[in-house]
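Quick note, the sequence shown lines up with residues 148 to 474 if you use the working numbering.
Just so you know, the hints here were simulated from the structure itself, not pulled from any lab data.
All figures in this text were calculated on a predicted structure; none of them were measured in a lab.
Heads up, some of the hints might be wrong.
[As the list claims (entries may be wrong)] No farther apart than 20 Å at their CA atoms in a straight line, the calculated lysine to aspartate or glutamate pairs in the EDC-like style are these:
1. K149 - D383
2. K325 - E384
3. K325 - D217
4. K162 - D217
5. K149 - E384
6. K382 - E460
7. K149 - E246
8. K149 - D392
9. K149 - D301
10. K149 - D337
[What the hints assert, rightly or not] Per label pair, the in silico range of CB-to-CB distance:
11. G424 - T234: 39 to 47 Å
12. L401 - P326: 36 to 44 Å
13. G424 - R256: 15 to 23 Å
For every residue, glycine included, the Cβ atom is placed at its ideal position computed from N, Cα and C.
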Amino acid sequence: MKVATYVPRAAQSPKAGIGAILDDTVIDLTYAYARYLRTVEAELRAYELAAARIPRDMVGFLQGGQRAVDAANRAIQHVQASATDATGISGERLVYDLEDVRLLAPIPRPGKILGAGKNYLDHAREGAAGPGDVEIQPFPRGFVKVSSAVIGPDDPVILPHVTGQLDYEVELAVVIGKPGRYISKTRAYDYVAGYTILNDISARDIQAAESKYGNHMIAKNMDTLSPMGPWIVLKDEIPDPMQLDVRMFINGELRQHASTASLIHDIPTMIERWSWGTLEPGDVIATGTPAGVALGGKYPYLRAGDLMECVVEKVGTLSNRVVPEAV
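From just these sequences and the hints, can you work out the full model?
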């Protein structure tokens, strides 16, 4: 199942909901489940129970775990069996064409984003001062990205006037589904809800200045520098996330291409290490980016007008265009 945070384009209110993506349609899961409860189970408190089982925010949905997923599946099957009457119990619209909705970041404000640094060997080499300067750490290294930098698919990425070296990084992102601390590698996937895409955009000149003093702070956390989406693919659709093709296109030109099989530290290793601090539903782990970034010197840094297309096999495509900052 693919689940997204969406707003109907024609809606008078910007309030978002949770939808299931089926081909080119979106099914509103909360209202569809309310209809199921009223129609199939004759439940008088259909709205109240539907809102509790499938809240209209993604973190609430993830907190519901398998019971929320089961409820969503029942809602989808009910709508599919009632194709001639796809309205809710009070006339709500249950099904939209994908083009008639705006997809937001699947988790608009994640609790925390943990980013893996230099987790592909080829990327570590392209950023090194010399061929002998690559040190492979015995544990995952990384940084934290703040939730205020998150934007959704097709949202504009603002080119800050304070940097001349804005860079792109396509990454498979892991979405945590239940709380856990000191999670062993053998149980790591039990805590995964699904997968999405994150573009870890970085201001390299600012990053270099900060790294001189041992930190990553604003270079990766300015507004709009964390595009995420277009949806979350639940883990039952991706049984092996360590065998996924990852690509980045800039204006149609292939810049990055690798497989997650090439990760230095795999997903269970990152979850084990970083769960020393409690992981919670809706937290996101960005697993690292392959070679081909502008930092490597082969390609130019981002300019206003550039279209970034992040493609991850079995997940989808995350597209965002760079726009100049209004100053």
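Verification of the hints:
{"no.": "1", "hint": "K149 - D383", "in the structure": "holds, 10 Å"}
{"no.": "2", "hint": "K325 - E384", "in the structure": "holds, 18 Å"}
{"no.": "3", "hint": "K325 - D217", "in the structure": "holds, 16 Å"}
{"no.": "4", "hint": "K162 - D217", "in the structure": "violated, 24 Å"}
{"no.": "5", "hint": "K149 - E384", "in the structure": "holds, 9 Å"}
{"no.": "6", "hint": "K382 - E460", "in the structure": "holds, 13 Å"}
{"no.": "7", "hint": "K149 - E246", "in the structure": "holds, 16 Å"}
{"no.": "8", "hint": "K149 - D392", "in the structure": "holds, 18 Å"}
{"no.": "9", "hint": "K149 - D301", "in the structure": "holds, 18 Å"}
{"no.": "10", "hint": "K149 - D337", "in the structure": "holds, 18 Å"}
{"no.": "11", "hint": "G424 - T234: 39 to 47 Å", "in the structure": "holds, 45 Å"}
{"no.": "12", "hint": "L401 - P326: 36 to 44 Å", "in the structure": "holds, 39 Å"}
{"no.": "13", "hint": "G424 - R256: 15 to 23 Å", "in the structure": "holds, 19 Å"}
Comparing the model with each numbered hint stated earlier shows that hint 4 is the single one that does not hold.
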